[in-house]
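Given next are the chains, with one letter for each unit.
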Amino acid sequence: MADEEDEVETVFIMATVKINGKEITVEDGTLILDAARQAGFEIPTFCYQARLSGLGSCRMCLVEIAGQKKLQPSCVTPVLHGMDVFTENETVKSARASMLEFLLANHPLDCPTCDKGGECELQNFVFKSGPRQSGFSEWKRRFHDKDKILSPVIVKNHNRCIHCERCVRICDEVVGAKALGGIGRGVMIQSTGFMDDRLDCDHCGNCIEVCPVGSFMSLPYRYKARPWDLKEVDTVCPYCATGCQITIGIRNGEVVRVKSRINTGINKETLCARGRFGYHFIQSRDRITKPMVKKDGKLAECSWDEALSVIKQMFGSGRRTAGIASARYTNEELFVFQKLVREVFKTNNIDLDSRFANKWVTSAMIDACSLAAGGIPIFDALKADLIFIIGSAVSDENPVTDYLIRTAASDRRKTLIIAHPRRMKLDSSSAISLRYKPGTEGEVIKGIADFIENGGESTSDINAAAARFKNASNITMFLGAEILRLANGVDVLTGIAALKALLKRSGKNIKCLPLFDRCNQRGARAMGIHPLFLPGLKKVKEDGMDCGEMLDAAKKGEIDSLYVLGEDIVSMHPDARFAREALSNIKFKVVQDTFLTETAKIADVILPGASYAEKDGTFTNQEGRVQRLRKVISPVGDSKDDLDILCSIGGFAYKSAREVFEKIKKEVAGYKDISFEELDGNGAIVTGHGRQSLSLKGTVPLLSGSDNSGQQSIKEDKEYPFLLITGNHLFHSGRLSQRADILMQLLPEPFVEISEDDARESGIVDGEKVVVKGNGYEAAMKLRIAKGSQKGVAFVPENFDSVSVNMFYKKGEGIPRVKIVKLP
Amino acid sequence: MLSDKSKEEIKRVLNKYPNKRSAAMDALRIAQNETGCLSGDVMQEVAGILGMPAPQVNEVAAFYTMYNKKPVGKYHIQVCTNVSCSLLGAEHIVEFLSRKLGIKKGETTPDKKVTLSVVECLGSCGTAPMMQINDDYYEDLTDEKIEEILSKLP
Amino acid sequence: MFEPILLKNINTHDSHRIDVYLKNGGYQALAAALKMQPDGIIQTVKDSGLRGRGGAGFPTGLKWSFIPKDPTIPKYLCCNADEGEPGTFKDRVIIEKDPHQLIEGMIITCCAIGAKVAYIYIRGEFVFGAERLKTAIDEAYQKGYLGKNILGSNFNCDIYIHKGAGAYICGEETALLESIEGRRGRPRIKPPFPALAGLYAKPTVINNVETLSCISHIVNRGAKWFASIGPEKSPGPKLFGVSGHVNKPGMYELPMGTTAREIIYNHAGGIRDSRKLKAFIPGGVSAPMLTERDLDTPMDFDSLAAKGTMLGSGGIIVMDETACIVKVAMRTMGFFRHESCGKCTPCREGTDWTYKVLQRIERGEGKEGDVELLEKLCGNIFGRTFCPLGDGAVMALRGALKHFRDEFAYHVKNKRCMG
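As given, the protein sequences belong to chains A, B and C, one line each in that order.
At position 393 of the first sequence the residue is numbered 393 (the numbering used here), and the sequence of numbers has no breaks.
At position 128 of the second sequence the residue is numbered 128 (the numbering used here), and the sequence of numbers has no breaks.
At position 310 of the third sequence the residue is numbered 310 (the numbering used here), and the sequence of numbers has no breaks.
Calculated from the structure, these hints are not laboratory results.
Being a predicted model, the structure only gives us computed values, none of them experimental.
Cβ coordinates follow ideal geometry from the N, Cα and C atoms, glycine included.
Among the clues, some could well be false.
The following residues of chain C were derived to be distant from chain A, with all beta-carbon distances above 12 Å [claimed, not checked]:
no. : residue
1   : 193
2   : 223
3   : 307
4   : 327
5   : 336
6   : 340
7   : 381
8   : 385
9   : 391
10  : 416
In silico PhoX-like links for lysine-lysine, alpha-carbon gap of 20 Å or less [unchecked claim]:
no. : chain 1 : residue 1 : chain 2 : residue 2
11  : B       : 20        : C       : 202
12  : A       : 70        : C       : 134
13  : B       : 11        : C       : 202
14  : C       : 134       : B       : 16
15  : A       : 640       : A       : 655
16  : A       : 224       : A       : 383
17  : A       : 178       : B       : 20
18  : B       : 16        : C       : 116
19  : A       : 140       : C       : 367
20  : B       : 16        : C       : 376
21  : A       : 769       : A       : 819
22  : C       : 97        : C       : 134
23  : A       : 224       : A       : 146
24  : A       : 70        : C       : 190
25  : A       : 665       : A       : 538
26  : B       : 152       : B       : 112
27  : C       : 148       : B       : 16
28  : A       : 69        : C       : 376
29  : A       : 631       : A       : 655
30  : C       : 190       : A       : 69
31  : A       : 787       : B       : 70
32  : A       : 178       : A       : 538
33  : B       : 70        : B       : 16
34  : C       : 367       : A       : 93
35  : A       : 22        : A       : 93
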């Protein structure tokens, strides 16, 4: 647990009730359904789902309460002290059976051709409690003969719908897309999209997941398997750092679906489009499956022995070597990677790709979020009465975190404040959404702190937000990874630390969580992938170079060998030209990856590694929750488990991820109590690494007053009027997602998004093709209008090889400026 | 696109309520008065004005029977066939109209002049059988009366 | 001869105009009420014994007394003018002929419960009625009976019209609230009850047009006077709408508790063509039908409840011996099926299934066991639905089956009507 004070314990009033004669004491206000479940009596339900608002409509959960004439719906009726409830008597059982008989009346019973057959809740309940015969012999309601394809991922059969409306409510209340509605009335209701036409939504497929029958179905999974044919393995999503638990289903060695389980993980039943439909990269034809070495300037396939011997022969050691890893690798792989770099290559020149941040900013982030002090379960964090998010388009970057925050913020006693230049879906749940120009995050923080300290009139949005801070007693701040990209990121993070201190002084409880865009960003730092820190965030004796410094050194010819684990530096480093030039100066480059990335193309040796579905290990999500990855399939072709590759090169004797984890437990204090074997769907929260902060104060070069590069770009520039933000799109993550066919169907190419005001001024309409120009680079793309975004800000997703957004960046100049012109 | 007049009218009804959503039913009625029926585009426009998700406007439009999802004729004849009217020959009235107009219930004459619908109780049971043409009630119907009413439709 | 109270002025020329209303003593009750304490008004209405005329018969004064007294919480009054129960056409008469009677009652009610805003939820089909109401409300504003500082008091009140658009279910009070809030008219979970969290989650009273129209008379003439009309437990005047096979269908205002025989034979002119009465529905189609044997039952809440039916809206539908009860039952179930909002399983599926069976029997395609099936379906729906609509459907069918089971059986066996 982190360094935060314990929260005041809430005292609950209890109620004692009898359920089927069994006495049980529960918190007053508990639903009869929950009380019965606690007492060990299962009550079947369709419309009820714990995370959704109560509907009380399916009437499956009717129970008898002594003294009441009518049966009562247990899913919306709270217990009262002294209540005597019957959930299993004949009246209740026959009511239950009659509801099932009603539901079957208009249900087509086309189970043999239904994807849900075998895991259908209607089937299961009828089997368990249903009538054994039906008196129904009338014509059945029929909406259509052919199923409706509503989107690239959703196929709908209205005939099978039993009207539990879980789909409509999850889309509205949890996902926030509000894309579904109940159209019609009586038996003719259809839960579907606008005009029962194509769905333009988040394509998260949560409607499919919650559908108890085969009404909402996954188009990609359609007719691919029967549930009993599937081998299913629980593992962790490889995209953002929310860390959703997923279940991968394979049939005949092919991954055919990804789903989530109702009781597992912080995501429970929900996922986003990436998590649910972004799995096709695993068995993509483009995977590299054979090692390659550069011969006569050309990459050629070779044997593993040859590749490894070339590396052993050519890779140097000491200061002139370096290692860069991606935060998509497991704790075990990254731990061994840092061992390889530090012990074999004998250098502290090790970093994550750190696309935009130097080692001081990343350290300041670790400090601001107290990452060394242990994890904070997100549900604890969301208990706060004020939730503040800055520096993350969380709806795009961490979609399931967006769901969790939306659900929490639906409690009217809570206040959500979002600070971001772009409009986002979660804004509809916020009390205040602060807009600002990227680079001025520090001013937002300072404005809030000033108001709290000195007061003033709460006329501006910032002051109104600050007033909310003043009134709150438990505050949770979410700090987004965009802060890492700021040239003045250290200033911003120092400001946040000062604001935290100020709030603490006035007696408030503060929690701070990072919002990371890569699944194991937090774990990677703890594993020692940082030029300043060993595993456990222990300070190194001699500082290494961060990613930017390595490239600077390379440019000057001071790096001879570079080992790149799964990162595409050429595509992602801000200033593509510089990165390519610097890398080409390095004599010997090894790239271990799953695809032939732009960086791999200029490597001297390429080692084909494995995807997340092909390995065991652990990820640590942004909360600090350690979760198990489980191997689903063997590495494709001749590719190998990354841990095996790293161990072969380093000469380490680890036989499995579990063995590495045992070693991690010894070196990384926060992991010492975690049992690899016992990690279940809920994972385990890391404890503190034995220190509260990194104690880097004094050594961190503050930018204010020295290097003002971050501020410079804020100045007006008439020719290039837009400040450019780049980041992930809802359907994409890094460059990995463009290898997933369905995600590419959902969004095949980048676009540029600007505010409505800017669009009006430039006379460009939504969907029009434009050219974005800046830093001597230009790219054509479609324009999208975001109502309510900050004026003077443009956004382009950074997920496509077709547009190298990092070409817009110029090293040392911070946030790039661009102009947008209509295509003639 | 809705006319400025309709948009103004919608803006006026907003004043009745503490939130915009409450004006959904009025707004759809105003839109339908102008456009005849509620197409996807019209609903989307109403959604935009009220700041509502379009599927939720669709929900409202589809729930209430007076919103036309399909175009109707210049004259929309709605015959009540509920119990009181039925006891006094509402089915005959429907048949008679059907024969006179040459269309079945639910249909519109080819010249788009008249649509014939069968509806539930219109609250005029004491003067059954009855029908509504657009906004007006016609009560105590007989064949002769219907012939006269039809002949007087401009 | 009973002197009409609610319908007193309807035959006066221009009875809907405020001048005519004022000439007949209109808005004097409001002036008096504004001088009373709100609690005093509530007590008067309690003492009058007035029970809700929408169907359920809940004591009106008691309903008002549930509204929290805290003046800082906004409160609402909603007038339920979504008259849609088949057989009912009483509210329409008041709205079209004497709208000020309703408006005055509403302003007094707002005063009593501390509401500053009231909505009249009028069914969309009543276009003419809505126009009349609109004109009347405008007149009331002009004369200072609505708006700010009404009659020099510090009481403010606004009334708005909310038009429905075709949904019987919106007559259910929580569905009505959903509808005003711009949603589908689907009933809400109770509790919370509207008195605590109703419209916009604020304390709300929902009263029927006829109920609210009684208020000015109670204030004018006193609780005692009102309580002296009709039976002790459900006093006051009542509008009875008579339709179907009678010589003089129409609206009759009589004391609560008048017998069905008197209404049908003395006022509505008896059965047409001197036929025999076969059955009558006492209070809109949800009320189980009765037969000739029950003609002497007093038409009030308690007496009809004792007969296993209900006063409901007081809409009496009379059937002579030519009526086919199977067809009436089928038509009634068809109505409920059409009006079921579709939210809960037993109502949505039950009315659909039952309707299909009735349709089949009526068409002459009945099968052995159909009557038993209908009885089973009634049992599976009744008491298990989300709101009273499903129960209403079952009660109507059960009423028909109770008295005319043989006719259903005959239909099933002989594939045709008995007559």
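Inset, instruction - Go through the numbered hints given earlier and state which of them the structure violates, listing their numbers in rising order. - result: The structure breaks hints 5, 6, 7, 8, 9, 12, 13, 16, 20, 31, 32, 33 and 34; every other hint is satisfied.
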